[in-house]
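2 protein chains.
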Amino acid sequence: MIEVFDDNYFMQQAINEAQLALEKGEVPVGAVIVSQKRIIARAHNQTEILNDVTAHAEMLAITSASSYLGAKYLTDCTMYITLEPCVMCAGALRWAQLSKLVYGASDEKSGFMRIGKELLHPKTTIAFGIKNEECASLMSDFFLAKRK
Amino acid sequence: MIEVFDDNYFMQQAINEAQLALEKGEVPVGAVIVSQKRIIARAHNQTEILNDVTAHAEMLAITSASSYLGAKYLTDCTMYITLEPCVMCAGALRWAQLSKLVYGASDEKSGFMRIGKELLHPKTTIAFGIKNEECASLMSDFFLAKRK
Chain A
1 MIEVFDDNYF
11 MQQAINEAQL
21 ALEKGEVPVG
31 AVIVSQKRII
41 ARAHNQTEIL
51 NDVTAHAEML
61 AITSASSYLG
71 AKYLTDCTMY
81 ITLEPCVMCA
91 GALRWAQLSK
101 LVYGASDEKS
111 GFMRIGKELL
121 HPKTTIAFGI
131 KNEECASLMS
141 DFFLAKRK
Chain B
1 MIEVFDDNYF
11 MQQAINEAQL
21 ALEKGEVPVG
31 AVIVSQKRII
41 ARAHNQTEIL
51 NDVTAHAEML
61 AITSASSYLG
71 AKYLTDCTMY
81 ITLEPCVMCA
91 GALRWAQLSK
101 LVYGASDEKS
111 GFMRIGKELL
121 HPKTTIAFGI
131 KNEECASLMS
141 DFFLAKRK
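Protein sequences appear in the order of chains A and B. All residue numbers in the first sequence are consecutive under my numbering, ending with 148. All residue numbers in the second sequence are consecutive under my numbering, ending with 148.
No false leads were mixed into what you were given.
Not the full set, but computed from the structure, chain A residues with beta-carbon under 7 Å of chain B: (1) Thr63; (2) Lys72; (3) Cys86; (4) Leu119.
Quick list of the computed label-pair ranges, beta carbon to beta carbon: (5) B/Ser137 to A/Val4: 54 to 64 Å; (6) B/Ser110 to A/Gln13: 26 to 36 Å; (7) A/Arg147 to B/Asn16: 42 to 52 Å.
By construction, these hints were calculated from the structure, which means they are not laboratory data. Virtual Cβ for every residue (Gly too), placed ideally from N, Cα, C.
Work the whole structure out from these sequences, hints included.
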């Protein structure tokens with residue numbers, strides 16, 4: 001039996017969100033939050049349009065998921081995000097006690113893993129590299145076009 | 001000549017914000033952001049009322065100051081905050097390129113300094129211990145009352 005709602009499916013939904021960011025001239029990062037195989041929050045980076053450095057896809061998705069659940073903690077949730085979260089977002093995910101984090105491309109410059117996975121909650125499990133090439137291309141194509 | 005608008009004055013304004021949080025049953029942390037001796041943003045912790053772990057005083061103050069300035073970067077701004085920022089908030093302050101951070105009480109459990117000042121932007125200067133006892137008492141009194 002084929003599992004339709006698998007990691008690839010949900011990461012594609014995050015990529016779709018990143019595409020929405022791209023269309024608005026934002027750094028193309030997208031996120032979805034999944035609880036019991038259902039997407040309960042979708043968000044993309046909006047730092048430019050909101051003039052706000054805190055408006056990363058992860059932060060907006062956490063706020064949205066918490067609003068949906070009526071609860072501060074995301075202990076039964078998986079976040080799919082196209083890019084490795086930064087330190088700010090990792091700190092937020094720690095407070096949210098996220099159950100599982102799945103990210104696509106790595107971010108060697110600003111990603112939280114340059115500090116270490118201890119920035120996340122001890123109970124958060126991590127997976128990465130899902131649709132890695134597509135997620136990485138989104139970023140590299142964006143910054144290449146910026147330089148032209 | 002007495003300097004009226006000094007660090008003590010602005011930290012008192014942050015304490016006043018923390019008191020507002022306390023009155024609402026929130027963890028009492030308050031912040032103000034100052035540019036050219038003027039307060040351009042005030043905020044206090046609202047994680048409970050908003051059901052949102054990202055609603056720390058610092059995050060709300062950054063969003064508010066950016067909105068006031070119409071700019072993402074706080075390169076000419078000082079943040080006064082009653083408690084040492086957490087990792088999430090330090091990460092946000094890095095993105096905002098804050099000029100100066102002044103905090104009251106230390107937070108050995110969740111403060112960013114357990115990782116190190118490299119979480120902030122390299123150009124951000126740091127001062128701490130302003131009205132330390134008042135800021136620390138706000139926190140210790142709050143958690144003592146919670147335990148009763």
